[in-house]
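Participant: The lines below spell out each chain.
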Amino acid sequence: MKSLKVDSKIICIVIFIIFSIQTILIAHRNSFSHKLIFNFYKENAGLQKGIKNTLIINIIELIKKNKLTSFKLEKTLLDSRKIKQRVFEGAYPARYKKESIYLITNQNIKENCTLRDKINDIYLFKCE
Amino acid sequence: MIFTYLNVNKILDYFNVTLLLLLIFFNYLIYFILDTKSYFIFFSILILSTFLIILFKNLKSNFYIVLILLLMLLISLGSPVADWDARSIWLFNAKRIFYNQNLASYTNYLGSEFSHLDYPILIQTLSASLATLIGKWNEVFPKISSIIFALPAMLVISKIIKNNLDKLILMILIFFIYEKKLINGEMDALLGLYAISSVILILNFLKLKKIFFKDYLKIFLFISSLTMIKIEGLGIFLCLFITYLIVYYNYKNKTHNHLIIVFFISLLPIVTWKTFIYDQNIVASSQLMLSGGDRLFKNLLDFKFLLILIKHIILNKPMFISLLLFLIFLSKYISFNKNETDIELDKYIFSKEIIFIIITFTLYGTLLVLIFIMSEGSPNNFFEIKYFMTTSSADRLFIPVHSLIITCSIYLNKKTKKQ
Numbered sequence: 019m020k021s022l023k024v025d026s027k028i029i030c031i032v033i034f035i036i037f038s039i040q041t042i043l044i045a046h047r048n049s050f051s052h053k054l055i056f057n058f059y060k061e062n063a064g065l066q067k068g069i070k071n072t073l074i075i076n077i078i079e080l081i082k083k084n085k086l087t088s089f090k091l092e093k094t095l096l097d098s099r100k101i102k103q104r105v106f107e108g109a110y111p112a113r114y115k116k117e118s119i120y121l122i123t124n125q126n127i128k129e130n131c132t133l134r135d136k137i138n139d140i141y142l143f144k145c146e
Numbered sequence: 015m016i017f018t019y020l021n022v023n024k025i026l027d028y029f030n031v032t033l034l035l036l037l038i039f040f041n042y043l044i045y046f047i048l049d050t051k052s053y054f055i056f057f058s059i060l061i062l063s064t065f066l067i068i069l070f071k072n073l074k075s076n077f078y079i080v081l082i083l084l085l086m087l088l089i090s091l092g093s094p095v096a097d098w099d100a101r102s103i104w105l106f107n108a109k110r111i112f113y114n115q116n117l118a119s120y121t122n123y124l125g126s127e128f129s130h131l132d133y134p135i136l137i138q139t140l141s142a143s144l145a146t147l148i149g150k151w152n153e154v155f156p157k158i159s160s161i162i163f164a165l166p167a168m169l170v171i172s173k174i175i176k177n178n179l180d181k182l183i184l185m186i187l188i189f190f191i192y193e194k195k196l197i198n199g200e201m202d203a204l205l206g207l208y209a210i211s212s213v214i215l216i217l218n219f220l221k222l223k224k225i226f227f228k229d230y231l232k233i234f235l236f237i238s239s240l241t242m243i244k245i246e247g248l249g250i251f252l253c254l255f256i257t258y259l260i261v262y263y264n265y266k267n268k269t270h271n272h273l274i275i276v277f278f279i280s281l282l283p284i285v286t287w288k289t290f291i292y293d294q295n296i297v298a299s300s301q302l303m304l305s306g307g308d309r310l311f312k313n314l315l316d317f318k319f320l321l322i323l324i325k326h327i328i329l330n331k332p333m334f335i336s337l338l339l340f341l342i343f344l345s346k347y348i349s350f351n352k353n354e355t356d357i358e359l360d361k362y363i364f365s366k367e368i369i370f371i372i373i374t375f376t377l378y379g380t381l382l383v384l385i386f387i388m389s390e391g392s393p394n395n396f397f398e399i400k401y402f403m404t405t406s407s408a409d410r411l412f413i414p415v416h417s418l419i420i421t422c423s424i425y426l427n428k429k430t431k432k433q
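Protein sequence lines correspond, in order, to chains Z and H.
Residue numbering for the first sequence is 19 to 146, as defined by my numbering.
Residue numbering for the second sequence is 15 to 433, as defined by my numbering.
Note that these hints are calculated values from the structure, not bench results.
Some clues are possibly wrong.
To be verified - Keeping only pairs whose Cα atoms sit at most 27 Å apart, straight-line, the calculated DSS-like set for lysine-lysine is: (1) H:51 with Z:60; (2) Z:23 with H:176; (3) Z:67 with H:150; (4) H:74 with Z:27; (5) Z:23 with H:428; (6) Z:27 with H:173; (7) Z:27 with H:346; (8) H:150 with Z:60; (9) H:428 with Z:27; (10) Z:82 with H:51; (11) Z:85 with H:51; (12) Z:23 with H:181; (13) Z:27 with H:176; (14) Z:100 with H:150; (15) Z:23 with H:346.
To be verified - Okay, the calculated beta carbon distance ranges per label pair: (16) H:48 with Z:41: 37 to 43 Å; (17) H:328 with Z:113: 40 to 46 Å; (18) Z:144 with H:278: 54 to 60 Å; (19) Z:117 with H:28: 50 to 56 Å.
What you are looking at is a predicted structure, and each value in this text was computed from that prediction instead of being measured.
Here a beta-carbon is modelled for each residue, glycine too, at the ideal position from N, C-alpha and C.
Could you build all of it, start to finish, from the sequences and the hints given here?
Facilitator: Below, the structure written as structure tokens:
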């Protein structure tokens, strides 16, 4: 039986193409962005792209913008495992505290509290 | 002129994987005793420059490793952290170390228990130091600690890479099995790399005729790294130790006894870490997940659960690729006799190094299955999703098993080329 001879260069080219496509796929699955590379030294680079969820980004933004050291979340927000974890780690060093006077909620009216700031549908209240 | 006096090559010799790992361990240790930024900056500069010098040194001899790591570094610097464990556990813990600047206040606060503070922080302290170097926290630069930490393991693995086919197998492991797991902030791919490199170092150590202190130090650093990457590393450590006792250990052999001592000393970092955690009043999350007997028997009788478990362990791409490669290389040692009545197996299949790797990954795989059965349905699981642990982590936690199966394929290929 005659054996088929394949040029090793062709095999190398095929392997190179396969691995190049896979590398592009890895970069894509990891949400690669060339803009991030040049911002690697900037504060909070990658935070928004990593979290993606606008509601969570707004909560973190409110905490950072108002330079809060502690905050508490409305029960409906805290009950969501995703919102809770993403806010806790994204907002750090600001910490969640039950007794904090700063309440973050998605409701625009709160009794005994004054509105401090808002981003879209997320409100920051100061409750004395 | 000055280069002739200094002998650059001799200086470059000191920049090796042992030095890099030693520096990473020192960087980890200083967080227990110091809280001065300048020390963290000093160590991060030292580690980064050692990393770059080693890369440069291996540019010719291990070009493919340098290329893989630079490629991964580039993707890592351009990617955010999106995966759950990477964000909620590893990056969050590194962020807390960065902001606290020491480990004195490394304790849980209300609601933050999800970050599993009891998990080892060797790589997270490196991330924190890298962030201190740029002066601020972000979610991109600290993540390159994984690439820096991958370099020593990759260079050890390169020692068994003898031909282009071996290189191809290694590239398949990194690009098709690990995929993004080496750069997404998770620790599983690193654990896989350190499982391979520990196996290689032990096998090479046992072949050495003259053993120096640096050989013991290297094994110590790699095996203890295994336990310090994530808690599952302790399981691999245990499997390696048991397999070593079964396959190689001879109490009359001095070297074998020395290796036993190295094994025990290698437990020191993780034991001290666990003691520290206990002292900080942090409850180990594994205590909450595992069950003594009730869930074990309940889950063992749950046939649907067992089927789902088997599906998630075996019927996935990484296991398929690794087993396929393993069987292809294994088939070279299996033949029929002339009458095609009997199957003949080459003796090399039963060689100690092959048996050592096979027993190690079988033991570790069994241990993982047992842990899955014992922990499914734990309070740490999602209540709303049944079989959460299995469906979410089975393929990821099996990465060291895939890695060791691939290593076995490389060893099988190595022998055929020699013959």
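Participant: Against each hint, give a clear statement of whether it holds in the structure.
Facilitator: Evaluated hints:
no.: 1; hint: H:51 with Z:60; verdict: holds (19 Å)
no.: 2; hint: Z:23 with H:176; verdict: holds (24 Å)
no.: 3; hint: Z:67 with H:150; verdict: holds (18 Å)
no.: 4; hint: H:74 with Z:27; verdict: holds (21 Å)
no.: 5; hint: Z:23 with H:428; verdict: holds (24 Å)
no.: 6; hint: Z:27 with H:173; verdict: holds (26 Å)
no.: 7; hint: Z:27 with H:346; verdict: holds (25 Å)
no.: 8; hint: H:150 with Z:60; verdict: holds (7 Å)
no.: 9; hint: H:428 with Z:27; verdict: holds (23 Å)
no.: 10; hint: Z:82 with H:51; verdict: holds (23 Å)
no.: 11; hint: Z:85 with H:51; verdict: holds (23 Å)
no.: 12; hint: Z:23 with H:181; verdict: holds (22 Å)
no.: 13; hint: Z:27 with H:176; verdict: holds (20 Å)
no.: 14; hint: Z:100 with H:150; verdict: holds (25 Å)
no.: 15; hint: Z:23 with H:346; verdict: holds (21 Å)
no.: 16; hint: H:48 with Z:41: 37 to 43 Å; verdict: holds (40 Å)
no.: 17; hint: H:328 with Z:113: 40 to 46 Å; verdict: holds (43 Å)
no.: 18; hint: Z:144 with H:278: 54 to 60 Å; verdict: holds (57 Å)
no.: 19; hint: Z:117 with H:28: 50 to 56 Å; verdict: holds (55 Å)
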